[in-house]
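Can you build the whole structure from these sequences, using the hints too?
2 protein chains.
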Amino acid sequence: MHALAFIQDMAVIMLVAGVVTILFHRLKQPVVLGYILAGFIIGPHTPPFGLIHDEESIKTLAEVGVIFLMFSLGLEFSLRKLFRVGATAFIAAFLEISLMLWLGYQVGQMFGWSHMDSLFLGAILAISSTTIIVKALNELKMKHERFAQQIFGVLIVEDILGIGIIALLSGLAVSGSVEPGAVASTLGKLSLFMIVALVVGILLVPRLLAYVATFESNEMLLITVLGLCFGFCLLVAKLEYSVVLGAFLIGAIMAESRQLLQIEKLVEPLRDMFSAIFFVAIGLLLDPKVLVEYAWPITVISVVVVLGKILACSLGTLIAGNDGRTSLRVGMGLAQIGEFSFIIATLGITLGVTSHFLYPVAVAVSAVTTLLTPYLIKAADPLALWIGRWLPQPMQRVLGIYGEWLRSIQPQGEKAVLAGMMRRILLQVGINLSLVIAIFLGGAYFAGGLAGWLSTWIADPDLQKACIWGGALLLSLPCLIAAYRKLKALAMLMAELSVRQNQAGRYTQPVRRLVSEFIPLLSLAGILVLLAALSSSILPRGELLLLIGLVAVVVIAVLWRWFIRVHSRLQIAFIETLEQDKGGHH
Amino acid sequence: MHALAFIQDMAVIMLVAGVVTILFHRLKQPVVLGYILAGFIIGPHTPPFGLIHDEESIKTLAEVGVIFLMFSLGLEFSLRKLFRVGATAFIAAFLEISLMLWLGYQVGQMFGWSHMDSLFLGAILAISSTTIIVKALNELKMKHERFAQQIFGVLIVEDILGIGIIALLSGLAVSGSVEPGAVASTLGKLSLFMIVALVVGILLVPRLLAYVATFESNEMLLITVLGLCFGFCLLVAKLEYSVVLGAFLIGAIMAESRQLLQIEKLVEPLRDMFSAIFFVAIGLLLDPKVLVEYAWPITVISVVVVLGKILACSLGTLIAGNDGRTSLRVGMGLAQIGEFSFIIATLGITLGVTSHFLYPVAVAVSAVTTLLTPYLIKAADPLALWIGRWLPQPMQRVLGIYGEWLRSIQPQGEKAVLAGMMRRILLQVGINLSLVIAIFLGGAYFAGGLAGWLSTWIADPDLQKACIWGGALLLSLPCLIAAYRKLKALAMLMAELSVRQNQAGRYTQPVRRLVSEFIPLLSLAGILVLLAALSSSILPRGELLLLIGLVAVVVIAVLWRWFIRVHSRLQIAFIETLEQDKGGHH
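Chains as they are written, first to last, in my numbering: chain A, -16 to 569; chain P, -16 to 569.
Derived by calculation from the structure, the hints in this document are not laboratory data.
There may be inaccurate statements among the hints.
Given that identical chains are not distinguished, each listed pair holds provided it fits within a single copy or across any two copies.
As the list claims (entries may be wrong) - Below 35 Å or equal to it, Euclidean Cα-Cα: the simulated DSBU-like pairs (lysine-lysine) are:
id, residue 1, residue 2
1, K172, K221
2, K11, K126
3, K361, K118
Now the structure itself:
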């Protein structure tokens, strides 16, 4: 790209975007739509002529805009928030995404679009727009109401699921078909990668940022943040995931840093500049001819988005035990599509699997539903009143009984405490096992390179394998021991609960001990078999395996306490990072 | 540029820059040198291999970095500051730049370098580095001492002169020779452009920014600022000046905005990110072979820079009436080259007029002198003491007498007030005449287009010319009248002072009236002749000119008061903008 042409493009983009967004702000419409309109005006499809010289460079900067956009979303996301999100968010988000994926696919098929176009349409319709909702609630001054909090919960779950959808679609587009096994494998690897990245990242990154922050230089902190952000995106891209995932994950990791507020302030102008380019670039791609040609699908899909999302989200919120008014307000707040849809539509173009019309259609549907959002939010209350008046009496009674029943089955008092403990233990076991699995998968992945490196000392390939496998086992021992101890605690808890004195009589103690010893050992055996299967390519022969096992037993016996100390230190560091104060973030 | 390659480049740049700058910060060395070293490490000239894929894109972003760098310098510059800067700054800056231009040229010739290389070397050595000095003084905690204030004054004058040097070099590189007439014409046009841009910009831009700021959206303010910045750079580039000038000017204009602090905070991360790319890109160009080959010139030039700048700046400060210690501290603080030198060296490459070795030599000299800066500042006090002890008595007495003489010739009391008034009047006349000249030059420049547009109504080309010239005259009448009135006030003041009662006796009043009427009329006639010469291409024939003159006289007679009111309103708006509080800026 030539410098002057680039400056000219930037000048045109920023000037037109500035004027149009001021206009849109005065008309009380979302600024994002202003950007898209600005892109449309200066784009190659609108008269008098294309004002952009170097479209390729603008597209690259738009990609950087996506990175900053997702990085900011990640900064606003936080694991603590995800843990605190109630059942409402999970149920509503799952229901919404499943229904919209199915509806989108069906609508695509109805219009006779290809298999892949229909699939992408479903994905495009699945996720609501955080940007639009936050701005709309801000402008309506409803950000602190209860339904708004429920909406933010749904959006957090949606972000995670949206990341999953993007990873799945990238995989599907390459393989070309939807096989349940492949989907499960993709999702499994994705979850594994996310857990490992989050655990390792939260252990390292906030400490690094705290160190850099001691220099009290905004410049150095920014450069470090940018280095980590782009570096992690690159790593994720090399692992053949989308950079969107990378930007979101590194944002979520930095959200656990004590410097969060400072980082947000430093990144905000960069995000605003590059995301403006991203949204303008979306407008550049809009061809009015396509919009006219596809006016009918755009109308149908817009109606499907609004009705489908209101139905799914309201129902999900209602099922989770909220009152009708709140449920309707949540549903009507979430009834639009936005930045995730653009990213998914762009993905389709980049992978070359979707037709040319899908992108403009997605943008048009987003524009229509975005414009409707404030009116829908404002209409929710009158509509709830109206429904309440016209809903038949029996129906209302059923809802009331359902709510009471739901409250009655929720664990209370001692039971709630126990349920909380069990959830916590299972989470810890899950994280530790994920780390173990990642170590073994990593060992298998890098086996070729490691073997080559080992070959200077060890000639026998079987011995090399044994070394790699043994090394992986040694490295994962702290996590394995921790998982075993947590499982034992869980088993004791379960033994206490399930084997009652009045049933087992004088055998109570022995039976309880049996249960509490047997369950963790059985689980551990299961885990080892699973590991052996996952690392089959580097699993050594029988006698060597036996030898490794013996060595491991000796190591465990000698270093038991040390392993526990190392692990508990890491765990404390991790939890401290999660629970430290980030300076009153909203 | 491909998105992933670009992300990879960004990741490499930011990660290496982050690590190296942290290292440099720990070693208490300037971060800027860290960036350059980072670029050198990842560059194509250093083993093991070039880590940058898309050098072209990085260069473009480096150019954007220059824009943000100069824009930030402009934001920190301010006309108020320039007006307040004392004689010290002007004398030291002029002396330094003249001496360094001459010394640089001579050194280049001594090494047998080409005419153009020597000229660029002079320019590269002329301007000291604001970035380096501010950081060094910050770290030494000397920012608020008297000599530091003197240094900042010199830097402000240097910025303006540096901009002039860049404009001159661009012109020279194209024409290939240094003709006094061409230089004067270039500098004249440049000054005219700067004055007009500043006056018009300060009347419009702060008002626009205040309007956008009422929306209380950082995003919209940033987009507007970026639009104005890139837009103005584009305009300046179309007028065939350097974008460096444009970025600096629009920054200086925005420095008069009430939103200055907010704008600085929004632009800071963008500047830090892009200027990091700029400095890394400088390192990318460094070829160690050239550095070794040119080790001797680098040494000589570094010594010349340090000694030359210390001598020129200390002498200038001393001449302006400061004590020896302060003078030496000012001189030793300014003894390095930095960002302006890189920009000028880049200009040489872009224009294709300098040899390949000049750029690495400039960077190496900058690195050496930058590394010396903190030590020089710290050494200034001991050196001043040492010189004081060893300076011969007569020499010290001469200095003392000079200082007293300087104080004795400075206007005091009533005279100082009068001198201030006269300076103010001359400044106002100068600005108004600049605007008038710009209007006529603009008329001549756009005459072709305007004539074409007029031809639908007026066929005769002579009549068209008359219309354009008349229009320019009408447009410039408020400024002409204001200039005339200011000149009259000046003439009255001078008559009062020069025609004394005891000399002219009873003719005092008539002679005074003669002087106070005669001088402004003579000046006005001179101005009109100058305007006629400048706009000779659109000057109509004799009788038409007479007609226009008659119309002008009638218009002036009828609208005299209205013209004065319009002009004074604009003037009040301008001065209010200059003098409003920008929220406690440093």
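Hints versus structure:
1. K172 x K221: Close inside one copy (15 Å), not across copies (54 Å); limit 35 Å.
2. K11 x K126: within (17 Å within a copy, 47 Å between copies)
3. K361 x K118: Only inside one copy: K361 and K118 sit 14 Å apart there, 53 Å across copies, limit 35 Å.
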